[in-house]
Amino acid sequence: MAHVANLLSPTDLQKISNLQVVARLVVEGFFSGLHKSPHKGFSVEFAQHRQYVQGDEIRRLDWKLFGKTDRYYIREYEEETNLRATILLDQSGSMNYGNENGVTKHHYASRLAACLSYLMMQQRDSVGLVTFDTEIRRFIPQRSGVGHLRVMLDELDQSKPAGETELSDVFRTLVPRIQRRGLLIIISDCFASVKDLIKALAHFRAAKHEIVLFQIMDRDELEFPFESWTRFESLEQADWHRMVEPAQFREAYLENLEKFQKELIDGCRRHRIDHVRLITDQPYAEALAQYLTRRLGRA
Amino acid sequence: MTFLNFALLGGVAAASIPLIIHLLHRSRFRVVKWGATHLMDVALIKNSRRIRIEQLLLLLLRCLIPAILAFCMARPVLSQLAALAGSSKTSMVLLLDNSYSMESGGKDTGNFVQARTTASEIITSLGRGSDVEVILMAGENPDLESVPNFDLSRLGKAVSELDAGYGRADVAGSFEKAAAMLGKMQNTYRQIVVVGDFQKISWSDEEAPNRARAAELLKAMPLPPQVTFVHQGVEGHDNVSVESLDFSRLIVGVRQPIQVRANLRNFGERTYSELRVYFRVDGTEKGASQINLGPGERQQVLFTHAFETAGSHVIEIVADADTLKADNSFQAAIPVWDTVPVLLFNGAPSVEPLKGETDFLEIALQPFGKSKSDLTDLITTKVIDNENGLKIEDLPKYRTVVLANVRQLSDRWVKALKEFVNNGGGLLIFPGDRIDTTWYNRVLANDNGMLPLPLASLNTPATAKKTTKIISQNYSHPAMEMFNDPRNGNLSDGEISSWFKLAERKEEQTVNVLARFETGEPFLVEKKLGEGRIILSAIPCDVDWSNLPVRSFYLPLTQRLVVYLASTIFPPRNFEVGKPAAVFLEKSAIGKKAMMVDPAGQKHDVPVIDKGTRGLAEFRGTQRPGQYLLTAPDGKVTHFVASTSREESDLLQLTAAERVKVAEPFEAKVITSFKEFQELDRSRRFGSELWRPLMWLVLAMLFSELLLQQWVVRRRR
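If you read the sequences in order, they're chains R and V.
With our numbering, the residue at position 115 of the first sequence is 115, and numbering never jumps.
With our numbering, the residue at position 355 of the second sequence is 355, and numbering never jumps.
Hint data in this document are derived by calculation from the structure and do not stem from the laboratory.
Since the model is a prediction, treat every value here as computed from it, not as a measurement.
Don't take every hint at face value.
[Said to hold, decoys possible] DSS-like mimics (lysine-lysine), calculated; alpha carbons at most 30 Å apart, straight line: (1) R:K199 with V:K219; (2) V:K33 with R:K195; (3) R:K259 with V:K46; (4) V:K33 with R:K160; (5) V:K397 with V:K370; (6) V:K325 with V:K355; (7) R:K262 with V:K33.
Chain V on its own, in the form it takes in the complex (with noise of 0.2 Å):
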């Protein structure tokens, strides 16, 4: 307990003055000698308990009087929550912007650092008793979770040692994680206080209802909480930041060439003139580009490489422009082939050049091999012609598998075809003239389930009377995205004078369509089978039916489909903050343990569980941007990134009056400091002081005096 007035702490002393008068008058006695001294005994017996309990009693209410108007004039606060019994104990949710915009003002001196000694000062500030518990914002930190909530000191201590870094601060989805986690500690008096730079892009108007609707959550819990925001940090002004990277390429081969477009952006007021963007690999730099950027400008840059080997790599970008380190890179893990093999099973082989029904597609695969160039192909082709072109064992050595105009597949072969796309395969079919329909339909479809749609009727020019054409439109697929931009071609160029009907089925929820027809025919269309994936055409992969193959956009549109349908084989490499990191790994490391180390230099072991004829190591702690690296049972190194939203880097912070109106749904106070927290939560806890319940005492010790007085007299009358 403090008090504003501590001098007059001394006045309690008056209680004694009741007393010296009394003791006073005894001390100032007459003396009777009486005679009646038998009249006197019996009253004096019959009376004296009570008399000295009523005396007692009167002269308590006349020492507590002054003794407690001294103490309401020295003002008492109550600091020391321990000093209340039963309410001193704060049940407290701290939620901390740990997003990477903390970080503005350099890593060891910026906002963060203010902000995380602020939160550390208030967990320990709290009574013995209390419980904390500390949500990140932007992503959840290991090191927290193992320190107990009770333990304030520890907590205390391990928040003092958090790094921001993370990505974009769920404000409302903080919010509800703490009313839940509220709900589940064990005081009384409750507290959420936000610890944050307030940044105007976690805190948006787009996200008000979002915020609104936890602030109810918060108020219909049945001890609803006292909330604080604690703005920390000042607004950064300068910072540029490197938003994103596009490849020209999905898989990358050994010294094939791949084209990596940095996205830049100067978030700041400051024009940057003569910035250096580097390009690295696997930690070295490879390349250098020198930009300028005004204040709000975004800008491209552009690096060229080919790896010189196969595995995994990881490229880099970085603009060395201000404090703010986390935005000013931008990386990728890229895994690099030697080769992607490919089988083609030619249903209508031909002797004559470019009537086979595979040659076309040949070509395009491997337009370096045929063409005769310095430069490789990335994927390599073997043709077969019937099944027994290929031992049926080899067929798990191919990445994808192509179906041209063949007219019947043998029992078995399917089975090892249904087991090989299972497995992560790929399965590109083109319909032709050859194909038995009746046994796609029955078997390939309704049996096996690896046919996406079944081949309803054939669109002859004698049935359809006119061509169709690719309708031109703005494609999700990954295999498709490419032809968004006009320089890759045009795939309404092409023109189709027969197809396939595609039996399309409204509930069919497993199947993409990946491009269509002008008629609104589905052109081609996808279904996942276990691992992999199966995309079946409306037409050959030859000129009988269309003039696609003699179109610019054969050749990217063939070796995308291929390229894709093999890639699915890899889990993604790059993936944003939260998303496993998985990879596939030999059968013989099943039971063993892969390691992975997170960003932070922090190792963990991960189990290679059985997938099949695989195994699978699966990492789900990624909450950390940056770079991840595991390590097989066997050796083998993969890289993978995981990335944040560079939403961020906007440093523009509220400004003090948005702030109160962030506050009002949640009834928030904003306050700027610990001092104040402190102030606030003494006022909050006991009112602004105690001196007025105190006044109310003394006035009613006053009354019971007054009354208790009265009847004394009215009793000796």
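Next comes chain R alone, as it looks inside the complex (with noise of 0.2 Å):
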């Protein structure tokens, strides 16, 4: 049966200000149409008991229970996490861009960022944020449970988008702070260049770090509708304002879009970083199902 949270939009959700309500209907939502996981194994927490059955290893049989019942037990335990994950959400002035009937790309990126938190803490994979424009705003370092979650959304709930984009050098100093290989979710527009972003991803990937790119895009910065006239106003920089006739030169404009996405799509590529672009009027639901077949295609 399909879940509600697969029906509602992307604008629908953004009525609701709880993430993490948000974020288990969409990630539940996610995972009801698909067969249950029995992600169960040695864990350092008691999970349950059942029959041993011929083949069993003996040593994970419950002699405490077998001296009270006469019966052989098997002791099960949660799974134990080997997977560390940091979340690392832009929060420069250009995530702030959004059109009129639908929702920002920070809105997009922060609610993103805790479906994904919280489908990691549900698989108890320990996981990390770090919020950032021109320099970190804030880190939290990876962990696991449900009081980390509660950090974790708070923050992300708090966070509110400003300054430049300035991801080379954020992400080189990111670098040494995040020691234990692991996974990097990076959550951004993307738009700085794409020759120092690549550069400075590779120094994670040298890091032996595996890295999901989730780059949000608006439809308008896809599509650029506009018509008459229009004085475009950075969302970074105070001074900057350009006066045109949008119409005149749309077409070059795409044009340079192609480009910038090309370049930024083969230096991902090359190393062999996961490129997801994702426009802020898609489900989260097809991100999450981006971010597992990736996964799994991984595993």
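Combine the two chains into a complex, taking the hints into account.
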């Protein structure tokens, strides 16, 4: 049965202010259509008992229970996580763009981060969060547990986009701080120098990190649908503005965009970075599906 | 530039509409907070220049379209020639009819006043840098020649001060002159304007081939001119003209009566009853007559006068009938001589009366003296029998020398006679039974060229077997033309038994045959030698070979011949306009200056040039009809009269339809006023108006705008 969250677009979900509710709606909605996964095994945390069957390891028998009941039971523990993920969320000014009817890229990105965190927490993975613009704003180290999720969701809820995008410098400073190798989920519009960005990402790759790059774009940025005279004002630089008749250079803009995208995708492919482009009117479930498909593909 | 709908010119302001729309659009912009600035900047830098040019072009086109449309609707017409650079300058030849018919309606209020005003307006209306030549169709005026052809205001003023009074307008000749002038003029837009009364006589059908030839000449020019006929003035219906004067004498002597016959004609439709005709001598009225002259009628009026003093006199016949004064009078200059001295060389003298060779001739030349009458003879004769009878130095005192049956002359005499003729004297040679034909043919004919024709043989009754007579014919020679009137005697009355056959040569061009015998052989032949003339008769002047001396015509014939030969010493005093006025003066006057006063009262210096034994004063500026007065350095006065043909007196003009017809060969437009000329000139120069090419321009711009717009849109996609 389809979960109600699957039918909700990001615009609809925007109305739900509690991030946790959103994350749960999305994640659970996403999994409701899938088979339940028996991610169970060794763990430090006990989960349940089951009857011994032939072939089970003898060492996993619960001898205390055998003593009480004289039956062979095997102890099952919560599976111990082996994934350490860090979500890098771009909070630069350009992420604050959103068309009149939709959500801003930042809004979409923070909800996406929340969903991913929730999902990973559910899977007992440890998740960290880094928010940044020209510099790192907040660094939340990787941990697991419900309390940690709360901390992360609060941070995501309170974050406000501002400042210019400076991915390469930020990433370079982050490399030594994330010592244990793991998964880096970068959520950004990547509106910076592609060459510098790829160079910085290459540093992460050198540190053996897996990288998934979610590039968040608004449909306006892809299609440039403006018609009448427009004054474009920069979201990052206060003194930048251009008065233009957009129709006249739509063609040139789209050419530039295509070139930019091609450079970015080529760079990612070269360094085996997963690049996922998301448009702010796409459901979050699609983003999660993209993420999991790639995770399984790598596994 | 002028506009026919000036108010609509305000529509040019519509040019601002696209600009306003553009500015309004810009002012109602939306603001977008944008992230992908780096993508936009690159696009802007790359395209802004091209876009700006495209936009400017479009804006310009959109602004111009309504502006030019409004301009079109205002119907612009370029009236100031200077407004269109390169084509504003005109080279114009203006043909102005200044014949005396233009004075119809009065000298100060008539047709010519109207014509010269229009001509002046046309000239001064031309644009700066134009040049104009004025051709006066009936006669040039030196006043105009001194004005530069590019100084239009001065030229216009000079034209407005002209007067008419000249002879017949030469239409075809004027056009040919105009073509030659246009070829030398500097501007590419060329015009010929004819201003006149389009009188029938000047624009007659007989002249049509000449006009057609002139029209072809104009069309064949590299830059053919536009031709305009400007008809001016109204047709006159009352006009009496004194057409001509006839005199009874070639030379008039003191106290010799001269008959002056004036021929009058009424060209109008009105009857002139009791029209008074006056006869004036040197400005003083000497007689008057009264006649009745019906419409279209001709009449003669006769006046007789005897001059009291020798010298130059002017007679005038005046019929004061109508406002066109030019043809109401006719003048003539008459030289009055005291006497004409004639030397008669008698080759066969006789003591018996009327037996001598020159006896009849002497009586015929001075009839009054011989008859003891109170009347005086003009001619005085001196008879000599041989060369000793006269000192050869005295020969120039005579006007005519007659050789009658002179056997031969000494070389000294031949030489003196030749010089005498060369200087304007007359020589009349009569042969006879005594002459040495061999000497005549050798010395006079061959050696000195003094014999018009050689004497070939003698026709006697024995050889000819019958007598002959002088042929009665229509004589054109001035010495003979009086015999065209039978009242002066019939030359064929005489009978000739013997005569010299003169060796006529066809190639001889300088010899003029005055009269012939019935046999076809020449009777009187003339030859010009230097300034003088020689006449040779085929028969003697006595009754030996003919009965001419006893016929009534003998007296006028011999007098005419002698006076004619004597008068060649004077160049004509009455001539057609344009012919030179000349007078021989004393040798002492050579190098000095005589003074000529023309009919307009202007004085001209005339240098006296060397002409052998005499000086000659010659004046060629006789374009204006009327009386010319030449005062020699010694104060002696000579009158000349330049007269015009009286064809102009017929004031009938071409009808409007006829004017259009004569305009056809020239592809000319016929108009009647300066205002019409301005309109015509405007329409010729610029087409009817400017709106048509402008409308094409608007259409072209609309298409351009559409194409440019589509091209821009296609690039955006």
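Unsatisfied constraints (hint numbers, rising): 1 and 6
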